[in-house]
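**Q** Each chain, letter by letter, is given below.
4 protein chains.
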Amino acid sequence: MPHRLIITCPDQPGIIARVSQFLFDAGANIVHSDQHTSASEPRRFFLRVEFEGADAELTDRFASLAAQFAMTYRFVNGAARKKILLLASRESHCPQELLWQIRAGDIQADAVGFAANHPEMQSLADEFQVPFHLIDSSDRPAAEAEILRHALAADFVVLARYMQILSEDFLTRCPVPAINIHHSFLPAFVGANPYRQAFTRGVKIIGATAHYVTPELDAGPIIDQDVQRVDHRMDVNELKRIGRLSERMVLARAVKWHSEDRVLLDGNRTVVFS
Amino acid sequence: MPHRLIITCPDQPGIIARVSQFLFDAGANIVHSDQHTSASEPRRFFLRVEFEGADAELTDRFASLAAQFAMTYRFVNGAARKKILLLASRESHCPQELLWQIRAGDIQADAVGFAANHPEMQSLADEFQVPFHLIDSSDRPAAEAEILRHALAADFVVLARYMQILSEDFLTRCPVPAINIHHSFLPAFVGANPYRQAFTRGVKIIGATAHYVTPELDAGPIIDQDVQRVDHRMDVNELKRIGRLSERMVLARAVKWHSEDRVLLDGNRTVVFS
Amino acid sequence: MPHRLIITCPDQPGIIARVSQFLFDAGANIVHSDQHTSASEPRRFFLRVEFEGADAELTDRFASLAAQFAMTYRFVNGAARKKILLLASRESHCPQELLWQIRAGDIQADAVGFAANHPEMQSLADEFQVPFHLIDSSDRPAAEAEILRHALAADFVVLARYMQILSEDFLTRCPVPAINIHHSFLPAFVGANPYRQAFTRGVKIIGATAHYVTPELDAGPIIDQDVQRVDHRMDVNELKRIGRLSERMVLARAVKWHSEDRVLLDGNRTVVFS
Amino acid sequence: MPHRLIITCPDQPGIIARVSQFLFDAGANIVHSDQHTSASEPRRFFLRVEFEGADAELTDRFASLAAQFAMTYRFVNGAARKKILLLASRESHCPQELLWQIRAGDIQADAVGFAANHPEMQSLADEFQVPFHLIDSSDRPAAEAEILRHALAADFVVLARYMQILSEDFLTRCPVPAINIHHSFLPAFVGANPYRQAFTRGVKIIGATAHYVTPELDAGPIIDQDVQRVDHRMDVNELKRIGRLSERMVLARAVKWHSEDRVLLDGNRTVVFS
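Chains as they are written, first to last, in the working numbering: chain E, 5 to 278; chain P, 5 to 278; chain W, 5 to 278; chain H, 5 to 278.
Do not take every clue at face value.
As the list claims (entries may be wrong) - Short, incomplete list of chain P residues facing chain E, as computed with Cβ under 8 angstroms:
{"id": "1", "residue": "Arg47"}
{"id": "2", "residue": "Leu175"}
{"id": "3", "residue": "Pro191"}
{"id": "4", "residue": "Gly195"}
{"id": "5", "residue": "Pro225"}
{"id": "6", "residue": "Asp228"}
What the hints assert, rightly or not - Under the rule of at most 27 angstroms between Cα atoms (straight-line distance), these lysine-lysine pairs were calculated in the BS3-like manner:
{"id": "7", "chain 1": "E", "residue 1": "Lys87", "chain 2": "W", "residue 2": "Lys244"}
{"id": "8", "chain 1": "W", "residue 1": "Lys87", "chain 2": "E", "residue 2": "Lys244"}
{"id": "9", "chain 1": "P", "residue 1": "Lys244", "chain 2": "H", "residue 2": "Lys260"}
{"id": "10", "chain 1": "W", "residue 1": "Lys260", "chain 2": "E", "residue 2": "Lys244"}
{"id": "11", "chain 1": "H", "residue 1": "Lys244", "chain 2": "P", "residue 2": "Lys87"}
{"id": "12", "chain 1": "E", "residue 1": "Lys244", "chain 2": "E", "residue 2": "Lys86"}
{"id": "13", "chain 1": "H", "residue 1": "Lys87", "chain 2": "P", "residue 2": "Lys244"}
Claimed, not checked - Sample of chain H residues with no beta-carbon within 10 angstroms of chain E, all distances over it, derived:
{"id": "14", "residue": "Ser93"}
{"id": "15", "residue": "Phe136"}
{"id": "16", "residue": "Ala149"}
{"id": "17", "residue": "Val180"}
Rather than coming from a laboratory, the hints here were simulated on the basis of the structure. Ideal Cβ placement from N, Cα and C applies to all residues, glycine included.
Pulled out of the complex, with its shape left as it was, chain E reads as follows (with noise of 0.2 angstroms):
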């Protein structure tokens, strides 16, 4: 697995230049790069290498080109895996997707807790030898100083259809970032109950959307949306179980992304090399 890595800072001639030039001189050879400037100003400039042919610990050696173009960086060792804390409810296809393509090899990362406020998600962590945590959502300071303090043995929180919301606080203090699936096409429907409100309006396509969560519900930067097309024979539990399919796949596809440092934050948008 080639190694990586990650660079945000202002636009501005020679940045390329610059970074190609050290790490060839390092004996890294790259084998695959995105980049994008921003539109809007100020320009912001965002970079993702993939490189072989020198090791990871770069950091250092790297720090005075990093000052001097104010970047905001990181290397990443290729065969590192990020590892996730679970958070889950009572329905288990979100959970259940991300372990599958966890264990498929498809997800470059692994569940290291599994922390849910329903008893039944306890088999589904068993199954997967994941240690489960239930927790007490009636005592909210309670679950959240749990859930906390296994984020902090974690890279990443991944909120997989978790039913409760955290608190400002709780996000102020969690180190790591949390991707929740919401299971609407977001800004649309935000909230409990979307799929009754889409069955309301009468809308033709329902979606899901993967987002970094922040302390406004449901408006963090979005990861990745999906939709699928839906008609006026489908009820309520029609549009749920249609729609699980969506949630799971773009959730998925979320976690796996961000396993591989593939979104990079723009403001309160996102940048994804995939």
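Given the structure of chain E, go ahead and fit chains P, W and H onto it with the hints provided.
**A** Same frame as chain E, now just chains P, W and H:
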């Protein structure tokens, strides 16, 4: 072309038996039939039948059966073509797509008038030999009076990116339905500049929605919607360019379906026998 | 669950009138009805009706009407669940998807047996408590004899990425239909290694096809297909990874529709009342 | 409009470093860059760079660097518009779509000639003020001689549903590439009447493919493809109607991408930096 019978009524046993027996007795052969019963109480029944072998003048003979089941119904001569009043502003892609599809025989209807508040539309109207009416949207009462006058000669109105809001008074007085194309996947991005709203929110899909016009802005019954994937590289202009393709396709489908009596109203939802 | 009546016969006037009158007289209320008449001569008539209020034991009473119209027909008890024999080889994604959708209640059928020529499948069968049968595909006659024995206890067979070709002799003797998932958009890339064929040809979409098995390889009636966009960055392994998602979805839809008697044969084509 | 540098060469370390240093030294700022390395041995390197701040006349200065890496390369002035020779037969939807997207500014190219073997195309050419050439396809050598004459004045040829096969001799002598739209998802349904073939096979999707023309029929490098779902209710004419929408969209995308130098050849496959 087969004739059509369109029925909406409260659901109860025996409707199909009675209607199909009526048609059989009238010498009609059903060549296609679509039926739907709504899921929520009180359940309503929707039927669209295409038949051959009898003429379409069965309205009077059907009246007593219709009364018995409290039906709203109409017989439509399959050879008749609906008359469309087109409304547009400055962008030509939507009226042009409709005029092409009409000329190609893909939409079974005729444009009998083309009203716009920008004179640039005249050449398009001329090219397709549709009477053109320049309206002055700075004087809304006068503009709407003129639109209403032309609407009276049409079977329905199509707002093909007409960028003015029609008043509730106009809608109350207009005797024919109006179909609008909104350049977002409703209910997201209601109102002005939906592509800019979409860009700012950072969505990964953009779309278009064709709906019947009601007094509440962008809230009428949805006929069709579609989306396309977008990504971080696309600025607002690129979203508009891609979006125009969806707008054209979605509006053309909605106009085609309406022209063929495939769209039935179920409150603020639609039954589309596509 | 409503009961079902499925009819295929030569087209002629009056079928719907007679059938719906029969159901009305039997005390049945039609809650959903789908009808199709084929376009090419001699035109054939296809009907699928869901009804409530009468039991499903109407076969005998219907016989004389059916004879009059030369109908092939069946009444299906809506509460009955079809029995599936699963066949697989080494890859688990397809049987796993089916078993999960069955457990979730999304597919109205039961897996009554799981035969595979690779022992790794046993744990999956065990997890879902489906009787497992290890077959030795190196001795095809013996393998097919065993599959046939299990098929006799099922309503249909699903080849969920079973990588052996079933002999014409087997297909002749097998009394129940078999559904296969082929990992390409047929008729492209028939036979072995379709993803490698797709990569070599440089296509920009890949797909999957669910079809009924007939003696000619990958040439049976198609039930469903779907595709995904791919690009130059994807090697054969990536095509396989993405393709597995299509295979799972397409096969699950086909099995669901077959389980609900929504798939009718029209020569080598299918009528799918989805 | 930024200028472009397009490079293809054998893969080796240091290419990006050297090229980006060259551009930096020339005063050019890279505003967008796409890079790909093919997966199979011998690995090839593909690069498309958009740059500002320097003019496009860097060909000579780049020669020695290019020689060192055995590069095939070209600099393209971003302000230049490629010249298209359109070829069509009797159906107007494809040339019409292209001419409209050109006029709308969505395709950065100009139609400099429109040759057709049916006189009905003349009015379309006139409407967009493109010189029209009626060719007599009953005399293929003469027809191809005339097409060749017009092709010499163009940068590429677009077969917008031109229903004649171009001879190998023509293709050998034609100095510019030709893009064809085939009305199926290749490699399925090569040759004549693909919609009829699709109907007969009973597929559930139909599609269109844009590809470069090579002597082997419908076998050249694929630029883009797309599909739409179809069902049993659609006869061949309905497949054609729906298919025309895909043909228009797919061909327009391919022509747009080719016009912007986004399509690079990798043997019989394409790298599309869309």
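**Q** Against each hint, give a clear statement of whether it holds in the structure.
**A** Consistency of the hints with the structure:
| no. | hint | in the structure |
| --- | --- | --- |
| 1 | Arg47 | 11 angstroms, violated |
| 2 | Leu175 | 19 angstroms, violated |
| 3 | Pro191 | 5 angstroms, holds |
| 4 | Gly195 | 13 angstroms, violated |
| 5 | Pro225 | 6 angstroms, holds |
| 6 | Asp228 | 6 angstroms, holds |
| 7 | E/Lys87 <-> W/Lys244 | 25 angstroms, holds |
| 8 | W/Lys87 <-> E/Lys244 | 25 angstroms, holds |
| 9 | P/Lys244 <-> H/Lys260 | 16 angstroms, holds |
| 10 | W/Lys260 <-> E/Lys244 | 16 angstroms, holds |
| 11 | H/Lys244 <-> P/Lys87 | 25 angstroms, holds |
| 12 | E/Lys244 <-> E/Lys86 | 31 angstroms, violated |
| 13 | H/Lys87 <-> P/Lys244 | 25 angstroms, holds |
| 14 | Ser93 | 34 angstroms, holds |
| 15 | Phe136 | 40 angstroms, holds |
| 16 | Ala149 | 46 angstroms, holds |
| 17 | Val180 | 31 angstroms, holds |
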